[in-house]
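Top to bottom, those sequences are chains A and B. Heads up: the first sequence at position 167 corresponds to 167 in my numbering, and the numbers run straight through without jumps. The number in my numbering is simply the position in the second sequence, starting from 1, with 627 added.
Think of the hints as simulated: they come from the structure by calculation, not from any bench. All of these numbers come straight from a predicted model, not from anything done at the bench. For glycine and all other residues, C-beta sits at the position ideal for the given N, C-alpha and C. Treat each hint with caution, since some may be false.
[Claimed, not checked] Coverage of chain B stretches by chain A, computed from C-beta distances (three or more under 8 Å per stretch; other residues unrestricted):
(1) 863-872
(2) 903-910
(3) 946-957
[What the hints assert, rightly or not] Some chain B residues close to chain A (C-beta under 10 Å, calculated; not the full set):
(4) Leu805
(5) Met816
(6) Ile859
(7) Pro879
(8) Glu900
(9) Leu918
(10) Ile923
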Amino acid sequence: MEPLKRAELRVENRLRAATVLLIIVFLLFTLRLFQLQFLKGDALRERSQRNSVRSLQVEAPRGELLDREGRSFATVRAAYQLQVVPGDLRDPERTYIALAQLLGDDVETLRQRGGATLGGRRFQPVVLRDDLDFDALARLEAHSFAMPGATIAVLPRRFYPKGALGAHLLGTLGRIRADQIELEDYAGYRGSDVIGQTGIERRFESHLRGAVGGRNVVVDVAGRVVEVLGQVRPVPGGRVVLALDWDLQQAAEAAFRSTAPDQPAHMGAAVALDVRNGDVLVLASLPAYDPNDFVAGTDPERWQALVGDEWQPLRNRAIQNHYPPGSVHKAFVAAALLAEGVIDEHSSVFCPGYFRYGGRNYRCWQAGGHGQVNLRKALKRSCDVFFYTFGVQLGVDRLARHAASFGIGQRTGVALPDEAPGLLPTSDWKFQNKGEVWLPGETVSVSIGQSYNLYTPIQLAVAYAALANGGEVLKPRLALRLEDEHGETEHAFPREVVGRISISAEQSALVQEGLVAVVEESGGTGRRARVPGVRVAGKTGTVQVVNRTRTVGLEESEIPIRHRDHAWFVAFAPAEAPEIAVAVFVEHGLHGGSTAAPIAQKILSRYFEKRAAEQEVLAGRDGRALD
Amino acid sequence: MPWINRRVLQNFDGLLFGLVCVVLGIGFVNLFSATQPGAAGALPSEFQRQLLSLLVAAIGFSAALLIDYQRLERWAPLLYTLSVLLVLLTLVLAPVTRGSRSWFLYGGLSFQPAEIAKVGLVLMLAYWFARHPPDQDRRLRALLLPGLIVAAPVLAILLQRDMGIAVLTLLIGATFLLFVRISLRSWLMMAGIATLAVTGLFQFAFREHQRERILDFLDPARAPLASGYQAIQSLIAVGSGGLFGQGYLSGPQTQLQFLPTQHTDFAFSVLAEEWGFVGCVVLLACYFALLIWGLIIASNSKDSFGALLAFGVVGMLFWPAAINVAMVLGLTPVVGVPFPLVSYGGSQLLANLIALGLLMNVSMRRYMF
Numbered sequence: 001m002e003p004l005k006r007a008e009l010r011v012e013n014r015l016r017a018a019t020v021l022l023i024i025v026f027l028l029f030t031l032r033l034f035q036l037q038f039l040k041g042d043a044l045r046e047r048s049q050r051n052s053v054r055s056l057q058v059e060a061p062r063g064e065l066l067d068r069e070g071r072s073f074a075t076v077r078a079a080y081q082l083q084v085v086p087g088d089l090r091d092p093e094r095t096y097i098a099l100a101q102l103l104g105d106d107v108e109t110l111r112q113r114g115g116a117t118l119g120g121r122r123f124q125p126v127v128l129r130d131d132l133d134f135d136a137l138a139r140l141e142a143h144s145f146a147m148p149g150a151t152i153a154v155l156p157r158r159f160y161p162k163g164a165l166g167a168h169l170l171g172t173l174g175r176i177r178a179d180q181i182e183l184e185d186y187a188g189y190r191g192s193d194v195i196g197q198t199g200i201e202r203r204f205e206s207h208l209r210g211a212v213g214g215r216n217v218v219v220d221v222a223g224r225v226v227e228v229l230g231q232v233r234p235v236p237g238g239r240v241v242l243a244l245d246w247d248l249q250q251a252a253e254a255a256f257r258s259t260a261p262d263q264p265a266h267m268g269a270a271v272a273l274d275v276r277n278g279d280v281l282v283l284a285s286l287p288a289y290d291p292n293d294f295v296a297g298t299d300p301e302r303w304q305a306l307v308g309d310e311w312q313p314l315r316n317r318a319i320q321n322h323y324p325p326g327s328v329h330k331a332f333v334a335a336a337l338l339a340e341g342v343i344d345e346h347s348s349v350f351c352p353g354y355f356r357y358g359g360r361n362y363r364c365w366q367a368g369g370h371g372q373v374n375l376r377k378a379l380k381r382s383c384d385v386f387f388y389t390f391g392v393q394l395g396v397d398r399l400a401r402h403a404a405s406f407g408i409g410q411r412t413g414v415a416l417p418d419e420a421p422g423l424l425p426t427s428d429w430k431f432q433n434k435g436e437v438w439l440p441g442e443t444v445s446v447s448i449g450q451s452y453n454l455y456t457p458i459q460l461a462v463a464y465a466a467l468a469n470g471g472e473v474l475k476p477r478l479a480l481r482l483e484d485e486h487g488e489t490e491h492a493f494p495r496e497v498v499g500r501i502s503i504s505a506e507q508s509a510l511v512q513e514g515l516v517a518v519v520e521e522s523g524g525t526g527r528r529a530r531v532p533g534v535r536v537a538g539k540t541g542t543v544q545v546v547n548r549t550r551t552v553g554l555e556e557s558e559i560p561i562r563h564r565d566h567a568w569f570v571a572f573a574p575a576e577a578p579e580i581a582v583a584v585f586v587e588h589g590l591h592g593g594s595t596a597a598p599i600a601q602k603i604l605s606r607y608f609e610k611r612a613a614e615q616e617v618l619a620g621r622d623g624r625a626l627d
Numbered sequence: 628m629p630w631i632n633r634r635v636l637q638n639f640d641g642l643l644f645g646l647v648c649v650v651l652g653i654g655f656v657n658l659f660s661a662t663q664p665g666a667a668g669a670l671p672s673e674f675q676r677q678l679l680s681l682l683v684a685a686i687g688f689s690a691a692l693l694i695d696y697q698r699l700e701r702w703a704p705l706l707y708t709l710s711v712l713l714v715l716l717t718l719v720l721a722p723v724t725r726g727s728r729s730w731f732l733y734g735g736l737s738f739q740p741a742e743i744a745k746v747g748l749v750l751m752l753a754y755w756f757a758r759h760p761p762d763q764d765r766r767l768r769a770l771l772l773p774g775l776i777v778a779a780p781v782l783a784i785l786l787q788r789d790m791g792i793a794v795l796t797l798l799i800g801a802t803f804l805l806f807v808r809i810s811l812r813s814w815l816m817m818a819g820i821a822t823l824a825v826t827g828l829f830q831f832a833f834r835e836h837q838r839e840r841i842l843d844f845l846d847p848a849r850a851p852l853a854s855g856y857q858a859i860q861s862l863i864a865v866g867s868g869g870l871f872g873q874g875y876l877s878g879p880q881t882q883l884q885f886l887p888t889q890h891t892d893f894a895f896s897v898l899a900e901e902w903g904f905v906g907c908v909v910l911l912a913c914y915f916a917l918l919i920w921g922l923i924i925a926s927n928s929k930d931s932f933g934a935l936l937a938f939g940v941v942g943m944l945f946w947p948a949a950i951n952v953a954m955v956l957g958l959t960p961v962v963g964v965p966f967p968l969v970s971y972g973g974s975q976l977l978a979n980l981i982a983l984g985l986l987m988n989v990s991m992r993r994y995m996f
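Bound-form chain B, shown alone:
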């Protein structure tokens, strides 16, 4: 194979791989419990499907780490464009499921292109900022084009009415602002625009149930039965976990299905209930160690594209985890954002493992010129 050689393999990042495996392992052990209630047979069907997804995602991971990222850099605009087109294609081809038009369904398989679009965006932004060092132009105008790069997939995803992923994609794009050195006036202007955008979204783009969720969050006693229900049940699950948890497969909130969407959005609640404080801290510690290791990979990277790519991958893994845990812990409103690698969901797993493959890619090629 032309893109891989002995040196690359010698630099295989064991720590990164190990951390990914631990997080995935915790995720699968937890998912087995979360999918138990109502399941027939030894392996719950959703657990089986996720195992299958892992197989596909592992192929994606391998592919992402084998192709030299410098080659990928040249393909970045193409990959980005393809990913946005794929999202737009769902608008035409995908059926409406649960109010969103964001899933390709084929037979028993489903695929959500918006997840892949996040990887495309990270590649493209890394490509862009590697050529336009963000600290050289202090004017806001310099952000116009990267802004458009972010806006394209975000708008496409918004058209699918998938608020959660749209917001996430926006945040991943915004992460790159960390590298931008612009004047205070520009920051204030951006804050103003953001405020306007948020209120505008709230009034016009959000649907009734999404507005309700935010209002419920601001005043949880408002409607304990509507979306406040989910938040309360999640808090009960987490709190009743205590230090060591209620025991694997024996959390009453989980096993009696008081937890809403417990294998997807509230998978972390399941872990908290059954494994307690210890389980939660172990998972979070591994996950955040993974993220920090990602930043270290970025700073050790031999070129700016690699650094930016690694950084983007960290952003891509950070936001959903942070939002998910904050939601589960009652710190933010209930939003449908799964915990990467831990929650159920094949597209999410594939996209995140491809991203981690890219991170590994950067890490393995840090000494090569």
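Isolated chain A, as found in the complex:
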């Protein structure tokens, strides 16, 4: 068929209609452009700004923790964090799948983390994976352009170079809790902040934290920073110089761990104080944990394992747990007896191995008895009958009054959170708390520390230090000073005296003499705490945990750990001019003399080794000066 001639196709009016249609469409578009660019222009331009200009917080590196000799216990390292900005994810599903492949993670987990955005803050970064190892980091960097909205942030992160050493003293970091962020102390903190939750980290949080900085940046659609518009530099946190001596701390913890190969490491606590100023030279608690595990908020599994552990490694046994004191309490009983004039240095009793009172026999730990016993021998051999006999005459309330003057049964005020108060029973206390009157038989038990008494290891260190230093009850000084990030001192903590013991210097000397005999004389219970060249004064303690009938006839190694006695040893040295007091508690350690005393001995001998070395250096310098 031939095509039609042009004239046969009457299309002019149709083409005109099409022209009109085109003009209408053109006008429609122009109108819409006018609406968007004029009428809504400002609002949309602002949204364009918001799209690309973002305020970022820049974390301040946390301040260092140093020991008394300037050795770093806690410093800062770089951590790499994978973040996503949910509002920037153009294809969240694909991004999560890609990230899961790169990280070897579960897609669902990542999706959940990414979805856990607070409120409507879609443009706040959410952490998908923290502390990337170098392999993961390299893989992510290589693919970062394929994943708009995912970024890798470099953050300063707390690092404890000595691992678990001194863990309880240093404390832990942890994400701020919902109830904490409400508090005034934490004004200005964000929900994702990691703060000091225990120990020194918590106590000096405000000093260690520094001030966060901020940056206004222009980011592209992938959240990559293209331009920095302005910034406020973060101020690094200040340093805390602790009174701690890392050598002694290490010696203490090593001593707890050096048990027979078939036996688990000892549990318990050790505190060493400088009796002259209260400096906390050692504060150890075992079992411990690695505080590095907490620096970025805790992995729930690990946290559960620590919380669920039957031996409670998170507890700071030196200050948060209190225990019956057993025979280490006898020093305070002796002090009270002397102060009240119940005995003098010549008073003595005959110990047949038991004490009959109220129609009942109270046994001495030495079944055969100690024979004739005076104060010195009573302390040296830890004779129960001596303290039973005179304790009954003294009474619980007079005993408590004098014991309290040593600072026991109350918080020492050490700069650590959650200190336990301990308990020093009186007849009033029993009436108020148990609703019963104090029974005379209970006075017998309280005289050897096997009653309601509960002391923390640090309380005993403070109390023995007071006995050693002429009677001053000192507040344990944990931190010597706060410094700024350049090492300039901002605040020095003074020596603080919180009380005086209630006995005279002569009476104190009598007790000290007995304590020296414990270690230095043959037949003393604390012989294993001897340090060559130094006279050590100390007292052993053994605390019965379960009724004797449950352990009778069993070899020590056969007794279940939970049923074994607790062991104490508290000491100070040198006896003639005391410098250091040590309290060692070994949980289920069986005997004060055989388990706790050797640990105290290791701390003391390390202390005196160092002192001897220092004096040698000083002597050498003087010698040269003389030449």
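We have chain A; now place chain B onto it with these hints.
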């Protein structure tokens, strides 16, 4: 050369050529900015590729205007058939890229036959209606064969799962309805069939993300992060352009890549952000002037094939531009339809310049018998 002579050259349509050059010029200037982010070197690689495509497309343009369109008319059925076969060939030979099987890839080059099929369809429909004056038979039956002519490439393109171009091809075919004079009852029937087809497409042929796009359009607050994201980012870009724009190469939405597929589907957003209202109106004015000039060429054409061919070319250039701008301005859902001559894309550029070559062809030979 047998098909060209002095008279033809004397009738060279300077206005048409000028308008094409202006639109192309704006397109390339804009594309340079749109391809800047993340580019290394002085010329972004995509910009370079588009320059290369322009070279090829210019050859296509010249070829299309040199061969007398009356000769082309005789070849129309053959060209049409070849173009449809080429599309079908992709189903067998082309790899799947981005969910569609519509690209021939060879080395670094890629080619999308569906674009060429549009030219083939325009030629064929012009051929058909030139022989079957659409205003003589008022029955719907008269539309059966032209309907099949349209359906063949549309179905072939649908098989490639390339919804955007399939819809465009359908619209180009439907443009010719403007010439059809049929009864009201027939119009209603067609409307009914179209409604059924659209709902059917929505339910069965559309894939999840395409359904999502339409739902997002109907309710943009529904999912600001999914496909609504693109629409919102585009509106922000356009709106923040204001009267004179944020300045060339300095639109934050563009340069920070907040705009999705900014060198292809959202090239017009880039222009709007950086050149503002003025830039947009200049481009649209030139483009619509080009289209109206095309209609004038149609009405001045010496024969009905030429008129219909010119008209078809206008339809072919109108629909994608209208859909693209409407999408960028948030008037329709987000569909992957590029702006002819302005957006990045070699096949599109080649097909459109061939079409414009045909328009020039008709224009230059309007006085020859």
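Status of the hints after comparison with the structure:
Counting residues of the region 863-872 of chain B whose CB falls under 8 Å from any CB of chain A gives 8; the rule of at least 3 is met. Under the rule that three or more residues need a Cβ within less than 8 Å of chain A, the assignment of the region 903-910 of chain B holds, with 4 such residues. For the region 946-957 of chain B, the stated coverage by chain A holds: 5 residues have a C-beta nearer than 8 Å to a C-beta of that chain, and at least 3 were required. At its closest, the beta carbon of Leu805(B) sits 5 Å from a beta carbon of chain A; the interface hint therefore holds under the 10 Å criterion.
Given hint, Met816(B) at the interface with chain A, is violated; its Cβ is 21 Å from that chain's nearest Cβ, farther than 10 Å. The interface hint given for Ile859(B) is met, as the beta carbon of that residue sits about 8 Å from the closest beta carbon of chain A, less than 10 Å. With a least beta-carbon distance of about 5 Å to chain A, the hint placing Pro879(B) at the interface is held under the 10 Å criterion. With its C-beta approaching chain A no nearer than about 8 Å, Glu900(B) sits inside the 10 Å limit, and its interface hint holds.
For Leu918(B), the suggested interface contact is upheld, since its CB lies about 5 Å from the closest CB of chain A, less than 10 Å. Given hint, Ile923(B) at the interface with chain A, holds; its Cβ is 8 Å from that chain's nearest Cβ, closer than 10 Å.
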